[in-house]
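Undergrad: Residue strings, one per chain:
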Amino acid sequence: MPVIVRIPTPLRTLTGGNEEVSLEAPATVRAVVDQLEAKHPGLKDRLLDEKGVRKFINLYVGEEDIRFLEGLDTKLTGNEQISIVPAIAGG
Amino acid sequence: MIGGRAGAIVGIVGVGGLGSPVTLALAKAGVGTLVLIDDDVVDRTNLHRQILFREADVGRHKLEAARDAIARVSPRTVVEIQREHLHPGNAGLLSEVDVIVECSDRYAVKFLAADAAQLLRKPLVVGAAIRFIGTALSTGPEGHPCYRCVFEDLPEGAQQRCDVSGVVGPVCGVIGAVQASFVLRILDGRPSYGTLASFDGRAGTLRHRPISARASCPLCGTHPTIDRIEPTRYVSDPCPQ
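Chains as they are written, first to last, in the numbering used here: chain A, 5 to 95; chain B, 12 to 252.
Rather than coming from a laboratory, the hints here were simulated on the basis of the structure.
Mixed in with the good hints there might be a few duds.
[What the hints assert, rightly or not] Partner residues aside, some chain B positions facing chain A, computed with beta carbon under 8 Å: (1) 39; (2) 98; (3) 220.
[As the list claims (entries may be wrong)] Computed far set for chain A versus chain B, every beta-carbon distance over 12 Å: (4) 25; (5) 26; (6) 31; (7) 35; (8) 48; (9) 57; (10) 66; (11) 74; (12) 83; (13) 89.
Treat the numbers as computed from the prediction; the structure is a model and nothing was measured.
For each residue, glycine too, the CB sits at the ideal point set by N, CA and C.
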């Protein structure tokens, strides 16, 4: 089942302007990040550092922050929507 | 305990794209005193989103123009102006307000306001907007969760900057309205603490997500490490006007 990843504006330069990316059956959030990187090189580095998810980035499965699930090992069953919520400044 | 809207003192950090709608909405909603903190001058490029200001205000100090604008629409509102940017040396300004509303365009100021709010035990409403997206977050005086539970620390390296990315005016209006409603809920005794609102202007969607406290949070976690305002903690690239 496809998983939809919603791409925030600051990262759309890496997805050719696409607001959403559809991925085929990733089993975990880590697999989501790997598939994103394969489709759109450079995205992984914007999301993760050597310690895991970057401090100013939040990844949500549906309405749940993965930090309160199983982090990058959070399992997916399909049909989920993944949201990337970065800290932003501006106004 | 905050004594309702009329007796409340609300501090607004940054009177620009977000601070403009926040200021207008709170003044018209009957908030008694607004403390405005900013040190910028109105630029012509601000006018599309900074709805407090008119063409004739270009070149004026923002806070003087803002005070005049509020006097026109809500003459009973008391407006105090602090003509300086918020920085670690003057964060004590926030000790006199009941609610802190962070509307600046700088990461460093957002984290500074978040830390000051937690250390001063003040409710905080933070907003941000860039291009077509915006976020707003309301946190309580004890945190649990606080801003750092969600956004742990200042972004490192090159980030998108508002001088090259732009800010879409209506996004500021939406996020400013959400911020103002968060403030009014606090003043009315029905706070929305722990709620993160995110708006996507292209899709036209506004989502509210509950956020959770993080035990490892350096500001409000079980073993907090931030117990004072340390100037070196708030260093990031500025976002020019």
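Undergrad: Does each hint hold? Answer for all of them.
TA: Each hint, compared with the structure:
1. 39: Given a least distance of 20 Å, the restraint on residue 39 of chain B is violated.
2. 98: At about 15 Å, which exceeds the 8 Å cut-off, the nearest Cβ of chain A leaves the hint on residue 98 of chain B violated.
3. 220: This interface hint holds because 5 Å falls under the 8 Å limit.
4. 25: Given that every Cβ of chain B is farther than 12 Å from that of residue 25 of chain A, nearest at about 15 Å, it holds.
5. 26: Per Cβ check, residue 26 of chain A is outside 12 Å of chain B; nearest 16 Å; holds.
6. 31: 24 Å, holds
7. 35: 23 Å, holds
8. 48: 15 Å, holds
9. 57: It is violated; residue 57 of chain A is separated from chain B by about 10 Å at its closest Cβ, not greater than 12 Å.
10. 66: 9 Å, violated
11. 74: 14 Å, holds
12. 83: 18 Å, holds
13. 89: At about 6 Å from chain B, residue 89 of chain A fails to clear the 12 Å cut-off, so the statement is violated.
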